[in-house]
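Participant: Sequences are here, hints too, so could you generate the full structure?
2 protein chains.
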Amino acid sequence: MDLSIIAPVGGLLALIFATILYILVKKQSPGNEKMQELSNAIRKGAMAFLKSEYKVLIIFVIVVGLLLFIASNFPEIRIHWGTSIAFIIGAIFSGLAGNIGMRTATMANSRTAEGTKKHLSKGLSIAFSSGAVMGMSVVGLGVLGVFGIYILFTDFLNLTSVDATNILFGFGFGASSIALFARVGGGIYTKSADVGADLVGKVEAGIPEDDPRNPAVIADQVGDNVGDVAGMGADLFESYVDSIIATMALALVAVAGSQFFIPSDYGEKTVLIPLIVAGIGIISSIIATQLVILGRGKNVYSALRNSLFFATFLTAVLSGLVIWYMIYKWEPFAAMLAGLIGGIIIGLSTEYFTSEKNKPAKTIAEAAKTGPATVIIQGLQVGMISTIVPILAVVGAMLAAFYFSGFYGVALSAVGMLSILGISLATDCYGPVADNAQGISEMAGMGIEVRERTEQLDAVGNTTAAMGKGFAIGSAAITSLALIFTYILVATTILQDKGVLAQGEFLELSLGDPYLVSGIFIGAMLPFVFAALTMGAVGKAAYSMVEEVRYQFKEFDLLKSDKNKPDYERCVKISTNRALKEMIVPSLMAVVTPIVVGIILKPEGLAGLLMGSIATGFLLAVFLANSGGAWDNAKKYIESGNIGGKGSSNHKATVIGDTVGDPFKDTSGPSLNILIKLMSIVSLVFLPIIIAFI
Amino acid sequence: MDLSIIAPVGGLLALIFATILYILVKKQSPGNEKMQELSNAIRKGAMAFLKSEYKVLIIFVIVVGLLLFIASNFPEIRIHWGTSIAFIIGAIFSGLAGNIGMRTATMANSRTAEGTKKHLSKGLSIAFSSGAVMGMSVVGLGVLGVFGIYILFTDFLNLTSVDATNILFGFGFGASSIALFARVGGGIYTKSADVGADLVGKVEAGIPEDDPRNPAVIADQVGDNVGDVAGMGADLFESYVDSIIATMALALVAVAGSQFFIPSDYGEKTVLIPLIVAGIGIISSIIATQLVILGRGKNVYSALRNSLFFATFLTAVLSGLVIWYMIYKWEPFAAMLAGLIGGIIIGLSTEYFTSEKNKPAKTIAEAAKTGPATVIIQGLQVGMISTIVPILAVVGAMLAAFYFSGFYGVALSAVGMLSILGISLATDCYGPVADNAQGISEMAGMGIEVRERTEQLDAVGNTTAAMGKGFAIGSAAITSLALIFTYILVATTILQDKGVLAQGEFLELSLGDPYLVSGIFIGAMLPFVFAALTMGAVGKAAYSMVEEVRYQFKEFDLLKSDKNKPDYERCVKISTNRALKEMIVPSLMAVVTPIVVGIILKPEGLAGLLMGSIATGFLLAVFLANSGGAWDNAKKYIESGNIGGKGSSNHKATVIGDTVGDPFKDTSGPSLNILIKLMSIVSLVFLPIIIAFI
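Protein sequence lines, in the order shown, are assigned to chains A and B.
All the letters of the first sequence, read from the start, carry residue numbers 1 to 694 under the working numbering.
All the letters of the second sequence, read from the start, carry residue numbers 1 to 694 under the working numbering.
These are computed hints drawn from the structure, not numbers from a lab.
Don't take each hint at face value.
Copies of the same chain look alike in the list, so a pair counts if it works inside one copy or between any two.
Derived pair list, reagent style DSS-like, types lysine-lysine, alpha-carbon separation capped at 30 angstroms [to be verified]:
#1 122 x 636
#2 565 x 34
#3 560 x 26
#4 202 x 652
#5 498 x 44
#6 55 x 602
#7 554 x 652
#8 565 x 329
#9 369 x 652
Facilitator: Shown next, in the form of structure tokens:
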């Protein structure tokens, strides 16, 4: 039996399941008029952002697609025309997944609030279902895209498998490009709106969070969707397809001395294993979602976590069986398992370092006694120390996976980590929906009981979001490593074809090569610069927002009478425009740098650049995410009545920490995931052009 | 004519010149009784710290020296007994240089204050002369130590040059060990005293800086000497000798395929070139100091800078001539020049990013308008962006130097950068002396005119200190790179000797090796952990100080009457004890980690560890130093009457930034210089043991 059918079946099932969930969510009552009005405003804002973003993206996609197509016409540059097609499809699929996710999330928010009115478990079910629509769309489109392109070019257009995977890098590049703009633009959007709303609303005007009199309140809600739904989804879509593609490429090494890449007795069936594992992951995830959707939902957190563990377990067992059935080996399964375990360890470590229940966040709260400076120092320290476990987890997973199945195993470990993405993304996207529901219940004045319940949903959302971030970072790191090893393979192949390297000779990437060392140094620097640029972008965008909100408070006299309505749309527009403007420079930097460095410092220097950027990108991402998360929860710890409680000077000190942490954890940190993956995939796609310059 | 005589002659001249300057400084009037009393208290505190530190150090030095000696008795571990001797001598020389520097600096402070009473240029001359005593002691002891040991083992004990340089690694390791404890311990000391004095004195009690009623005021002054004189001196002593030793080792490559390391036609004379260049640098520096000491000193800053540029110019010209005379090549001179220019660029970049006259510090001050959170974010951003120029400068210097003379050239470029250390360290150490003089004039109530003049001296000291820090970081990075290339050479030699590698085969350090990649990841993480630990240490030590100062204010009723005297000594003791206690863990981490990683991940993994740690260590060091410096000067910018001026809420916001920046720039940042050099030299010394485990 040809088990590769599992991949498209899994992909289709995911899309069907997503459709069903979407219809089921839509059937729920959207609440009263006020709630619908708010939900519509959020939806409109979110769609307006997407539309504006697409305008920028379309130009980028067309230009790059054309460039790739033109390059494919030069026989000395070995790029197939299919790469440009795959690039465009990748971009469209990623955009589609984001669009579906946003539509669902912004429809589900008022319904979640309304559902919660009846029962907590009802609200949980709606919010989670809407998250699952996003999760399932991402994995469904991912698997179908990769599988479809591969089959199209091998079975129908009669290319070799190797050429087909080279074309697939284009698909990954398309997905990465959208992810870049979505993460960077979304990250800037969400934080500029948040900071703008808080600084003028909470601090200056003294009105509570989510107060409808605040002109930026809708932009703030939109931001949650733009950043945490569309941005997160595009980020993981990229990791998902990149890890699958890298594994496929590494399965096809058929040159002498390739034992390092993949054990020689694995056979050619291995190329489809990552797709099959992905298919199994989807089916397992669908089953596991039922634990949440149908559950009684007494304990929201454990419901979510149990379903994740169940999906992990099911995927692992089924994948092990299928791999054994296909090639009679257990080692690839062991490699995959290493990735799964590594991912869980990183997630748990993130939870430990950021949760208000644990020591790190509490020490930050304690540091508030000696003022904001010590809060900042303590938070930075927590973030720096928190890098130890994730680094060791990734190193451990990589070494184990390599031991079992070479570089192919390393790539497969990333696939393993990401195989349960369908459900883990559902858990992530549940967060912003619950957050929005909480906001709507507040703005629509739904009463204290509903608010308490939505708060409960929201609180769990914060924890899962932290874990989700850790997961996104870890998977980005190991996916990038897989891409580096793929890079070595692809560069070697091209150089052998050109006769620069003899057959059987591999590209030498030695630490004794000053070009490579230079690459490492420059690569290690880029995440610092990228983080600084994105932080700066938030600052500038937030400043525009602050000015607008101040202006509206004064102009419309909003605090005097409830009848004076703020102009939400103007704030939404400001966030949108500023985010799109500010995302251009860092985004182009990510795309252009590897190409320029590759041409100047040769493929060796580029390899160094990728390695350096992955190492510090991963470290900085963990540091920024965990510092930010810990500051946030230190503040919450004090707000729940400890060390002086809300309003005390200690509280104020932690508010400062939280404000510093906002761009850390929601803009700069997550953007680094994209940076490291994108630079790797750009390098893979443009290698033939770079090498043509040698 | 054997020009190698320049080395010992230069070394001796340096020590003689240091002695003369010491006597000249001592002859100056130490001021009135009150001033002498204060100066004595500072001196006593500084010496007490050194004494306590030595107690810890002696144990460490004896244990490690014994271990090395024992290891040298195993024939399968190729360590010569001379290594343990060289290690002890290196430790003693480094300690001696620090001791001389501290004695001079703590003697010169009141004399500088008294001299300034007469004339600004008199004060400048005294402060700078005392700094030059430190500078000359460091370079004199450095050159004589390396030259002496080399001659002893080659000419007198008939070892080969290669074996002699292997022994010299022990000398470097000794110097590094002292530097580690001096930088880490000194850094913790100075900031805990500073923060303790400020938090209780300035913030809680509302008394001005340097008020004699503050019990921590003497500890604070001691801290300046401990951190900026002894710590800085030991740091640069380490860079100085390490770069010379690495160059000597790389000059002696005589294996096939060694073109990469050093052009094969350079001949054996090249081994002494680094020592000769150092000697020339000393002589040039001595001449250049006269520009400052004898100058009229109208513009303090340009006097210091001109003398630096003059020394650079003279060293470059003379070195070029001598190298040409010796081997008829201009390329080593070009390599050296690359280092000199790189160093100057890094210094200027540091000045740009931290000076209150330039945009970066001003944007931080502007950010104060929206509160402390934006001050922090802006400062972090400035620090991150400021990594670009130093990274590119180091990469450029390395590539150029390699192009001219292989790895030998890279090491020589570090020697070039450090050749003018005699005078550049004088400029650095001038800073804390001026700072102390300023403190003494304040405490002794010397009147407004003297205070204004000492303030002027102090302000220039801050600028030169910032440049000095950039210089220390840049030289640490390029020295470490030279050590990595030396590592490749030494590892290859040992493995060839053992028959693991064939003759002519080099240790392969490929990015395609998962051990090496793991090493890079772990290495990249260490600076984050090290920075977190040292920041945490400052926090804990400062907390003890805060408690003590609060206690004394209450117990002795210090604010009520001037007759109630604080107990300065208790504060000095607390700083000393806490600093020594807190320095143990990070210090041991730096020494032990490379050995453990080398044994587990093999010499390949260890090479990765070194490369990863240098890349992020360098980046973090620049980031921390420049963020810290920029916050400091943003505060000063406001204090000089801009954006609201002293006491405004904007000022308060920048004070918070400055407090965060204190451990950044004075503890964690500088300690990273040591970390990266120390781990490299530890790896070189312990390689024979690590390889014995394979």
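Participant: Now, for every hint given, state plainly whether the structure supports it.
Facilitator: Do the hints match the structure? See the list:
1. 122 x 636: For residue 122 and residue 636, the Cα distance is within 30 angstroms only inside one copy (26 angstroms; across copies 58 angstroms).
2. 565 x 34: within (14 angstroms within a copy, 69 angstroms between copies)
3. 560 x 26: Neither: 38 angstroms inside a copy, 73 angstroms across copies.
4. 202 x 652: both (12 angstroms within a copy, 21 angstroms between copies)
5. 498 x 44: neither (53 angstroms within a copy, 72 angstroms between copies)
6. 55 x 602: Answer is neither: 35 angstroms inside a copy and 52 angstroms across each miss the 30 angstroms cutoff.
7. 554 x 652: Both: 26 angstroms inside a copy, 28 angstroms across copies.
8. 565 x 329: neither (67 angstroms within a copy, 80 angstroms between copies)
9. 369 x 652: both (10 angstroms within a copy, 17 angstroms between copies)
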